[in-house]
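Enquirer: If you want the building blocks of each chain, they are given just below.
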Amino acid sequence: MKKRAISVESLNYAYPRNKKALENINIEVFEGEKVAIIGPNGAGKTTLFLHLNGTIKSPQKNVKIFGKSIGDMEIGARIREVGIVFADSDDQLFMPTVYDDIAFGPTNMGLSKEEVDKRVSYAIEKVGLKGLENRVPHHLSCGQKKKVVLATVIAMRPKILVLDEPTANLDPKSRADLIKIINELNRKEGVTIIIAMHDVNVLAELADRVYVLNRKIVANGSPREIFSDFTLLKANNLDAPDVFKLFKILSCLGYACENLPLSFDEAVNEVLNTIEREGIISLRASEQTHSAIKEIMNNYSGVWTEGYGKGN
Amino acid sequence: MVFPRIDAYSALKSPIHSFDPRAKIISFSILIFSFAFLNDLKAAAFALGFSLFLVLLSRLPLSFVLDRIKVPLVFFISILVIMAFTVEGAELFNLFGLSVSSEGVLLGTLIVLRALAALFLLLLMLGTCRFEAVLKALYMLKVPGVLVQMLMFSYRYIFVFIEEFLSMKNAMESKGFQLRGKSSYSLSILGNAVGVLLVKSYERGDRVYKAMISKGYTGNPKLFIKFNMKKSDYVLASLLISLAFCFHLYPVIL
Ligand SMILES: Nc1ncnc2c1ncn2[C@@H]1O[C@H](COP(=O)(O)OP(=O)(O)OP(=O)(O)O)[C@@H](O)[C@H]1O
Ligand SMILES: [Mg+2]
Chain A
1 MKKRAISVES LNYAYPRNKK ALENINIEVF EGEKVAIIGP NGAGKTTLFL
51 HLNGTIKSPQ KNVKIFGKSI GDMEIGARIR EVGIVFADSD DQLFMPTVYD
101 DIAFGPTNMG LSKEEVDKRV SYAIEKVGLK GLENRVPHHL SCGQKKKVVL
151 ATVIAMRPKI LVLDEPTANL DPKSRADLIK IINELNRKEG VTIIIAMHDV
201 NVLAELADRV YVLNRKIVAN GSPREIFSDF TLLKANNLDA PDVFKLFKIL
251 SCLGYACENL PLSFDEAVNE VLNTIEREGI ISLRASEQTH SAIKEIMNNY
301 SGVWTEGYGK GN
Chain B
1 MVFPRIDAYS ALKSPIHSFD PRAKIISFSI LIFSFAFLND LKAAAFALGF
51 SLFLVLLSRL PLSFVLDRIK VPLVFFISIL VIMAFTVEGA ELFNLFGLSV
101 SSEGVLLGTL IVLRALAALF LLLLMLGTCR FEAVLKALYM LKVPGVLVQM
151 LMFSYRYIFV FIEEFLSMKN AMESKGFQLR GKSSYSLSIL GNAVGVLLVK
201 SYERGDRVYK AMISKGYTGN PKLFIKFNMK KSDYVLASLL ISLAFCFHLY
251 PVIL
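As they're listed, the protein sequences go chains A and B.
First residue of the first sequence? That's 1 in the working numbering, and the numbers climb one at a time after it.
First residue of the second sequence? That's 1 in the working numbering, and the numbers climb one at a time after it.
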């Protein structure tokens, strides 16, 4: 059986003078898993993450990393287990140069100068920014900063990597780069990944399992299960991936598809496979098609648009 | 965005630029102290000439140097004027019933010459290598960690702070706000903005601290540094330091 990397049991937290930010949170993440936490703005994702590396300490000792309460761990042990990337890069690059920033964590772990150097070049290579070691952080672009922040954490070689909205504000190329780096860390080095994100279109590439958080844990399941449950999505101001919705519509038009694709790549594969198998893809409309499409449109995007076909 | 940077011309090539930062800080500091305590007008003039020579040697663009020097210069001149009118002594001439003393003029000139010489040296010390090299040199010279960290974080976040202020100013102006009015209304808005900026930076400090903790910060970050003292550094440093002493010894000898 796989080891439990993170377990959170009935965690509650309220900021001073605010109503509860987290209520009765139960989460279990196993070693090597990729888990996404989604939820509307202000749902408590960042607050939850602050608990995962002991920045906020829960007095009940109910946040455990590999079976040990995070509050009882020494700083040195804690940073070997959990590395965390927060949303704002400027907050996390505080040293004079990129090199110093990446060396900061390993140095604090008490490593020798040679080992620190090795870690820095390893990390900077991983994120593809070789040659930027001597740059000052305030002369980097937003995407470069994000990658450097990731490198500062990779250099500590944590077993668990926690990322708060890693793809926000990135151009498509940087976003794809970042997703690739994260997936590689997971696949090649077995790093357990926990990500908070709003970008549902790329979520399936980054996560095997999803928790929906809205002050409480509202749901837990595979991306497909979560995105199929439109009442859940609607109740929490969430959305399903565009391709997923499109293939739902296509299925009303007679395109039979067992597993609705969740990302663009999956969709392309699905279409190519069908063409190869059947030689043709035919779409047709029947009596009920119109109302079926209308229903899907209303189910999935009723929150934002006026609703399909209401005007006519 | 373009910020005024003290180390904008740190990438030039000159004897001053290639001087090892640690040796530069030590020998320039000693020179600055030496110049600050000169009591002889001729020596002070010579000191100013020497600093100007070093500035020329460093190839820093004139516009950059003037830009840095002009604000303190106004301050120095005003000292000269105040000195001329307030120091008691033999009357040089009389201006609308206020007497200008020759002692005052001499003392004021001495102060201005000394200050300018020291200022040029300071500019050279900070302007000819990257600021983080200065910080690392200070760290290696065993300047207390708290001081180095304070400098380090100020330098890192001053730019973030400026950017935040400018984007806020932009946001306010794009909504039609103009400071020109000088009414109590626009002043109160400005006060609010400054307040928000302070709260923001306070909270950023909190977040930065959290990020540092999450990387194992315990109070004393170690910096790894690759400085190499060459023979020429030792020569130049000893030269400058002996010069600093010569400035004080030569009235005794001559
Ligand atoms: N420092 C703070 N002091 C007081 N209340 C806070 C603080 N930080 C967050 N909150 C409140 O706690 C709740 C959860 O905030 P949190 O930042 O965890 O949400 P989030 O899920 O990360 O949101 P987003 O998707 O917008 O980043 C919000 O209602 C927020 O207003
Ligand atoms: Mg957040």
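Calculated from the structure, these hints are not laboratory results.
On a predicted model such as this, the values are computed, not experimentally measured, just so you know.
For every residue, glycine included, the Cβ atom is placed at its ideal position computed from N, Cα and C.
Among the clues, some could well be false.
Simulated pairs of lysine-lysine, DSSO-like, Cα-Cα distance not exceeding 27 Å [to be verified]:
(1) Lys222/B to Lys159/A
(2) Lys2/A to Lys118/A
(3) Lys216/A to Lys126/A
(4) Lys210/B to Lys216/A
(5) Lys222/B to Lys126/A
(6) Lys113/A to Lys173/A
(7) Lys61/A to Lys210/B
(8) Lys64/A to Lys222/B
(9) Lys57/A to Lys200/B
(10) Lys200/B to Lys19/A
(11) Lys113/A to Lys142/B
(12) Lys226/B to Lys126/A
(13) Lys200/B to Lys113/A
Residues from chain A that keep clear of chain B, each with C-beta distances beyond 10 Å, as calculated [stated by the list, open to error]:
(14) Asn53
(15) Leu170
(16) Gly221
Rough simulated footprint, nothing fancy, chain A against chain B, three-plus residues with beta-carbon under 8 Å [said to hold, decoys possible]:
(17) 53 to 66
(18) 89 to 96
(19) 131 to 142
(20) 170 to 179
Enquirer: Determine for every hint whether it applies to the structure shown.
Expert: Against the structure, the hints:
| no. | hint | verdict |
| --- | --- | --- |
| 1 | Lys222/B to Lys159/A | 24 Å, holds |
| 2 | Lys2/A to Lys118/A | 31 Å, violated |
| 3 | Lys216/A to Lys126/A | 36 Å, violated |
| 4 | Lys210/B to Lys216/A | 24 Å, holds |
| 5 | Lys222/B to Lys126/A | 24 Å, holds |
| 6 | Lys113/A to Lys173/A | 34 Å, violated |
| 7 | Lys61/A to Lys210/B | 20 Å, holds |
| 8 | Lys64/A to Lys222/B | 30 Å, violated |
| 9 | Lys57/A to Lys200/B | 24 Å, holds |
| 10 | Lys200/B to Lys19/A | 22 Å, holds |
| 11 | Lys113/A to Lys142/B | 19 Å, holds |
| 12 | Lys226/B to Lys126/A | 24 Å, holds |
| 13 | Lys200/B to Lys113/A | 36 Å, violated |
| 14 | Asn53 | 5 Å, violated |
| 15 | Leu170 | 19 Å, holds |
| 16 | Gly221 | 30 Å, holds |
| 17 | 53 to 66 | violated (count 0) |
| 18 | 89 to 96 | violated (count 0) |
| 19 | 131 to 142 | holds (count 4) |
| 20 | 170 to 179 | violated (count 0) |
Consistency note: the structure conflicts with the earlier hints numbered 2, 3, 6, 8, 13, 14, 17, 18 and 20.
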